[in-house]
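Undergrad: The residues making up each chain are set out below.
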Amino acid sequence: EDKVVQSPLSLVVHEGDTVTLNCSYEVTNFRSLLWYKQEKKAPTFLFMLTSSGIEKKSGRLSSILDKKELFSILNITATQTGDSAVYLCALLYNNNDMRFGAGTRLTVKP
Amino acid sequence: DTGVTQSPTHLIKTRGQQVTLRCSPISGHKSVSWYQQVLGQGPQFIFQYYEKEERGRGNFPDRFSARQFPNYSSELNVNALLLGDSALYLCASSLENIQYFGAGTRLSVL
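Protein sequences appear in the order of chains A and F.
The first sequence finishes on residue 1105 if you use my numbering, and the numbering steps up by one all the way, no holes.
The second sequence finishes on residue 114 if you use my numbering, and the numbering steps up by one all the way, no holes.
Derived from the structure by calculation, the hints contain no laboratory data.
A quick note: this is a predicted structure, and the numbers were derived from the prediction, not measured.
Do not take every clue at face value.
Claimed, not checked - In silico BS3-like cross-links for lysine-lysine, where the CA-CA straight-line distance does not exceed 25 Å:
no., chain 1, residue 1, chain 2, residue 2
1, A, 1036, F, 34
2, A, 1052, A, 1063
3, A, 998, A, 1104
4, F, 34, A, 1032
5, A, 1052, A, 1104
6, F, 17, A, 1036
7, A, 1051, A, 1062
8, A, 1036, A, 998
9, A, 1035, F, 56
10, A, 1032, A, 998
11, A, 1035, A, 1104
12, A, 1051, A, 998
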């Protein structure tokens, strides 16, 4: 089965720290890679990455895709307690199937 | 503009029963996808519907079925419930490949 592997599984940091979340995968025939933030129930969309090497930014969050090395990273700078959540990475295939990793649980302590 | 709405929010059933979960997409979205999320894991793709037709199906048994109505709302049916069907069931509607999730239905099978 196609694998989407996220690391670390969990992470505890203090406010103001910078974190890097990793998402690696094994296949190449996908349409896009997406990042979501899940706080309680509904995952909320963060980024969609289609092209390799092009960084997407939104405030303190940024993400980039490396199609050669088969991974993506999500960076969060100057973390806040409101960033505490599970961060999910997913591959969107051409047949509309979307495969998620298990997520990284980020806890930001005051 | 309302987001994706799902009903009910919580449901308790016993083994062998049948359940129907409902989803209303964001206005203007014609595609609806269903996911099962077990505690500690990422969402797993069940179905995608577009314009009332099934466009994708994940690796779930035939006990799982779905349909989409002319107003683009959707129902997910699960027959002969098993204890292992206990999970958060998420619905997502999509526009231009980005899926927007509802808050889910928490199903407990006793």
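Undergrad: Now look at each hint and say whether the structure bears it out.
TA: Each hint, compared with the structure:
| no. | hint | result |
| --- | --- | --- |
| 1 | A:1036 / F:34 | holds, 23 Å |
| 2 | A:1052 / A:1063 | holds, 21 Å |
| 3 | A:998 / A:1104 | violated, 31 Å |
| 4 | F:34 / A:1032 | holds, 24 Å |
| 5 | A:1052 / A:1104 | holds, 24 Å |
| 6 | F:17 / A:1036 | holds, 20 Å |
| 7 | A:1051 / A:1062 | holds, 15 Å |
| 8 | A:1036 / A:998 | holds, 23 Å |
| 9 | A:1035 / F:56 | violated, 30 Å |
| 10 | A:1032 / A:998 | holds, 20 Å |
| 11 | A:1035 / A:1104 | holds, 18 Å |
| 12 | A:1051 / A:998 | holds, 24 Å |
The structure shown violates the earlier hints numbered 3, 9.
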